[in-house]
Amino acid sequence: MAINKQVANVEEACKGVRSGMTLMLGGFGLCGIPENSIAELVKTGVNELTCISNNAGVDDFGLGLLLQGKQIKKMISSYVGENDEFERQMLSGELEVDLIPQGSLAERCRAGGAGIPAFFTPAGYGTEVQGRKEVRMFKGKPHILETALEADFAIVKAWKGDSSGNLIFKATAKNFNPLMAMAGKTTIAEVEELVPMGELDPNEIHTPGIFVQRIFQGEKYEKRIEQRTTQPKV
Amino acid sequence: MAINKQVANVEEACKGVRSGMTLMLGGFGLCGIPENSIAELVKTGVNELTCISNNAGVDDFGLGLLLQGKQIKKMISSYVGENDEFERQMLSGELEVDLIPQGSLAERCRAGGAGIPAFFTPAGYGTEVQGRKEVRMFKGKPHILETALEADFAIVKAWKGDSSGNLIFKATAKNFNPLMAMAGKTTIAEVEELVPMGELDPNEIHTPGIFVQRIFQGEKYEKRIEQRTTQPKV
Amino acid sequence: MLDKNGIAKRIAQELQHGYYVNLGIGIPTLVANFIPEGIEVEFQSENGILGMGAFPEEGDEDADLINAGKQTITAMPGSAYFDSATSFAMIRGRHVQLTVLGAMEIAQNGDIANWKIPGRMVKGMGGAMDLVASAENIIVAMMHTNKRGESKLLEKCSLPLTGVGCVKKVVTNLAVMEIKDNGFYLVERAPGVSIDEIVEATDGRLIVPGDNIPEMDI
Amino acid sequence: MLDKNGIAKRIAQELQHGYYVNLGIGIPTLVANFIPEGIEVEFQSENGILGMGAFPEEGDEDADLINAGKQTITAMPGSAYFDSATSFAMIRGRHVQLTVLGAMEIAQNGDIANWKIPGRMVKGMGGAMDLVASAENIIVAMMHTNKRGESKLLEKCSLPLTGVGCVKKVVTNLAVMEIKDNGFYLVERAPGVSIDEIVEATDGRLIVPGDNIPEMDI
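Protein chains in written order, with our numbering: chain A, 42 to 275; chain B, 42 to 275; chain C, 13 to 230; chain D, 13 to 230.
Because the hints were derived from the structure by calculation, they are not lab data. Bear in mind the structure is a predicted one, so any value in this text is a computation, not a measurement. Hints are not guaranteed to be accurate.
[Unchecked claim] Straight-line Cα separation of at most 30 Å, DSS-like style, residue types lysine-lysine; simulated pairs: (1) B:K274 with B:K111; (2) B:K84 with B:K211; (3) C:K168 with C:K192; (4) A:K226 with B:K180; (5) B:K174 with A:K114; (6) A:K180 with B:K211; (7) B:K174 with B:K201; (8) D:K16 with A:K182; (9) A:K84 with A:K201; (10) B:K180 with A:K115; (11) B:K264 with C:K192; (12) A:K211 with D:K135; (13) C:K135 with B:K174; (14) B:K264 with B:K226; (15) A:K226 with A:K201.
All chains, full assembly: derive it from the sequences and hints.
Set out below in structure tokens:
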């Protein structure tokens with residue numbers, strides 16, 4: 042009998058997220074972000090958070106909401122260019138920021154979930170990112186040693202999920218979600234559609250349920266679009 | 042317009058595989074092995090091969106066929122217990138064998154395809170596998186440094202594929218196939234069913250076409266079962 | 013004294029609700045037949061399935077659906093398939109809560125040897141080295157002595173190691189032992205087996221905490 | 013002198029049949045509009061799509077389908093979606109044949125700076141550091157001078173680097189240059205632009221191999 046991870050609602054899902062913790066939050070830009078859980082974190086007022094997320098949302102949506110409430114102590118991201126409040130807090134020194142190449146961020150999350158404590162990558166060699174990291178040549182090319190990232194809670198958003206925690210993502214809303222799901226001590230998944238066990242094709246699962254500890258269906262999704270680019274109808 | 046990788050048949054797919062090369066071959070036991078390509082390699086008589094494959098087939102099927110013809114110089118595998126000819130050649134010294142923990146083998150193939158030249162893993166510490174590999178402590182636990190594996194050709198087998206090389210595997214026939222597909226300088230994919238471009242759901246792709254250089258539909262699949270275990274009909 | 017099914021049944025008592033479990037080939041596979049009532053566990057097989065079910069009914073075998081022992085199996089509702097790197101990510105990343113595997117030798121410090129007999133048998137380690145190096149909770153299921161009647165519980169392994177200091181508990185046909193204080197700490201006797209018989213069959217340091225070692229309740 | 017579309021059009025001539033291409037934000041994005049007739053290429057966007065297509069028609073936008081610039085896009089037939097680790101496996105593993113990106117500064121040894129202006133702008137490097145450290149073939153698309161009229165082609169970058177010695181070719185509104193022999197090796201002039209104008213606009217070492225530098229054919 043498969044293990045049941047379903048919780049009743051976002052309140053129950055986010056139980057135990059406390060001030061000072063390290064969180065991973067899935068999404069790229071506003072695409073595939075755990076909207077309902079972020080709203081809950083805003084509500085509970087938990088603060089002094091270290092947030093690992095590729096971006097920091099926009100001023101009034103996504104992680105920007107947590108920045109507004111000054112709930113974030115430190116951001117670990119690759120790109121934060123869409124958020125004025127972020128820039129203000131960073132330049133004023135209120136917010137610590139660790140900027141990481143996007144591929145290294147993704148691989149470090151995966152490594153954290155996969156029990157790989159460190160790996161070599163060429164990204165960032167010869168730049169500020171290198172810092173004091175070990176440098177080693179492979180096939181004549183310099184690489185730097187990057188270490189795994191882990192989090193107290195990983196909070197991800199999927200398209201469909203079942204009660205045993207299996208997840209399916211949609212299109213490019215996948216992004217960091219499956220990797221962060223692997224790296225949380227506790228992983229919370231919010232989904233647009235929660236189906237009974239056995240309704241998902243085991244061949245189509247992106248994140249096997251073993252990586253997910255709590256799953257719930259989000260109440261509503263705004264799914265805001267950051268750059269609405271279109272061409273005229275033909 | 043997507044790039045067309047389709048070749049006419051197994052002969053065309055295996056063109057350029059020459060004696061002395063290093064090959065990766067997908068599959069676990071006899072499950073998910075590239076039957077048609079192996080048969081073609083037997084036919085062409087290419088030899089002095091280094092084969093990276095989790096297993097070595099059985100005496101009269103899978104890689105066992107290449108062993109019979111003494112076409113393999115060296116095997117890099119994790120488990121080879123199902124093959125008497127293998128054991129004979131190994132104990133007589135005809136065949137070089139490099140045994141690698143299964144998880145390290147999988148991760149080393151992925152690393153080869155992902156541009157990660159080396160990573161730390163706890164597997165094999167304190168054993169023969171450690172050898173002269175670097176040992177380093179992480180969180181108080183010893184790990185060894187393993188390096189990436191690459192191959193001149195990776196030969197994989199999928200369930201469905203399209204002409205741009207996108208692959209979908211079935212059930213546990215997935216195993217090493219997606220990882221090896223990433224790590225071949227040239228990757229050959231044989232599939233049970235080759236569909237026109239656009240017929241696979243981009244959300245359900247296991248191996249994106251970028252990793253595959255040649256794809257063809259196998260003529261026939263025996264799909265032999267190694268351990269037929271059943272329970273009586275109720 | 014227990015038979016193989018008895019060993020499996022005793023180990024099944026170690027299963028806890030919500031556990032993901034990897035069962036090795038041989039006796040460990042039998043554990044799946046004795047899941048205690050009322051708890052949910054899922055079996056992971058390292059070739060790429062979570063939610064492994066029973067053997068298929070005759071005629072329903074699928075060549076694409078096997079376990080790590082290459083046996084045809086079925087998938088339970090809620091199962092998932094994945095590649096070998098993801099599978100060992102689960103194992104190395106400690107998402108699997110319990111690993112049960114067989115052994116040729118166990119040392120009193122928790123070393124395990126189960127993959128090679130130099131000059132005689134070199135089948136390979138398969139996933140065993142990853143499993144023992146990674147799992148937090150490793151139980152070994154085996155007979156107390158080998159076919160020649162020699163103890164498999166030793167001061168030091170004589171065969172090439174699979175992993176060092178990793179085994180936490182050993183369940184044999186004679187006893188349940190925890191590995192601690194550099195010894196086999198006797199926890200339970202098999203039904204009808206005396207302490208003396210266990211002492212006799214154990215080459216390594218057996219720690220016997222008093223005369224009242226309980227009998228297994230299976 | 014070229015406009016942004018002209019730069020993109022010239023770079024599009026570098027596309028070869030069968031190329032997988034990653035296009036950065038800004039001018040590079042425009043390259044997709046000028047794919048030469050009769051060749052097949054696929055665009056990878058590092059947030060997780062291969063086979064990126066045009067912008068959607070009004071009303072067909074899908075919040076779940078964007079490119080690395082966060083713009084709504086469509087998917088071509090034969091496309092695939094994947095996670096960010098797989099995406100950068102494609103990039104780091106050199107499965108992407110060509111990377112086109114913008115820059116704030118390029119040095120004559122191939123160094124590139126495009127992610128940070130200390131004290132003024134710190135948006136982050138996004139995927140740029142992985143791209144420039146990994147790609148075998150990197151073309152920079154940019155204006156020859158910045159808004160203040162200062163050359164962006166320098167002896168040495170003054171801004172924090174994105175990558176070292178990695179740029180192979182630069183296409184600007186004035187010229188096509190290869191990076192070699194520790195200099196910007198002038199290959200083509202933009203239509204109507206003289207060698208003197210290019211010399212004037214270039215701060216780093218410009219290598220001019222003779223007087224007959226051909227004009228771009230676009």
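Hint check results:
1. Using a Cα cut-off of 30 Å, the hinted pair B:K274 and B:K111 is violated, with the two alpha carbons roughly 43 Å apart.
2. Restraint check: the Cα-Cα separation between B:K84 and B:K211 comes to about 28 Å, which is no more than 30 Å; the hinted pair holds.
3. The straight-line distance between the Cα atoms of C:K168 and C:K192 is roughly 15 Å, inside the 30 Å bound, and the hint therefore holds.
4. The straight-line distance between the Cα atoms of A:K226 and B:K180 is roughly 16 Å, inside the 30 Å bound, and the hint therefore holds.
5. In summary, the hint linking B:K174 to A:K114 is not supported, as the alpha carbons are separated by about 40 Å, beyond the 30 Å threshold.
6. Restraint check: the Cα-Cα separation between A:K180 and B:K211 comes to about 36 Å, which exceeds 30 Å; the hinted pair is violated.
7. Taking the CA atoms of B:K174 and B:K201, the gap is near 39 Å; set against the 30 Å cutoff, the hint is violated.
8. The suggested pairing of D:K16 with A:K182 is violated, with an alpha-carbon distance near 34 Å, which exceeds 30 Å.
9. With a C-alpha separation of about 25 Å, the suggested pair A:K84 and A:K201 falls inside the 30 Å cut-off, and the hint holds.
10. Of the supplied pair hints, the one linking B:K180 and A:K115 holds, its CA atoms being roughly 23 Å apart against a limit of 30 Å.
11. In summary, the hint linking B:K264 to C:K192 is not supported, as the alpha carbons are separated by about 47 Å, beyond the 30 Å threshold.
12. The straight-line distance between the Cα atoms of A:K211 and D:K135 is roughly 27 Å, inside the 30 Å bound, and the hint therefore holds.
13. Of the pairs offered as hints, the one joining C:K135 and B:K174 holds, with about 22 Å between alpha carbons and a cut-off of 30 Å not exceeded.
14. For a cut-off of 30 Å, the pair hint linking B:K264 to B:K226 stands: about 27 Å separates their Cα positions.
15. A C-alpha spacing of about 22 Å is found between A:K226 and A:K201, which places the hinted pair at or below 30 Å, so the restraint holds.
Consistency with the previously given hints fails for numbers 1, 5, 6, 7, 8, 11, ordered from lowest to highest.
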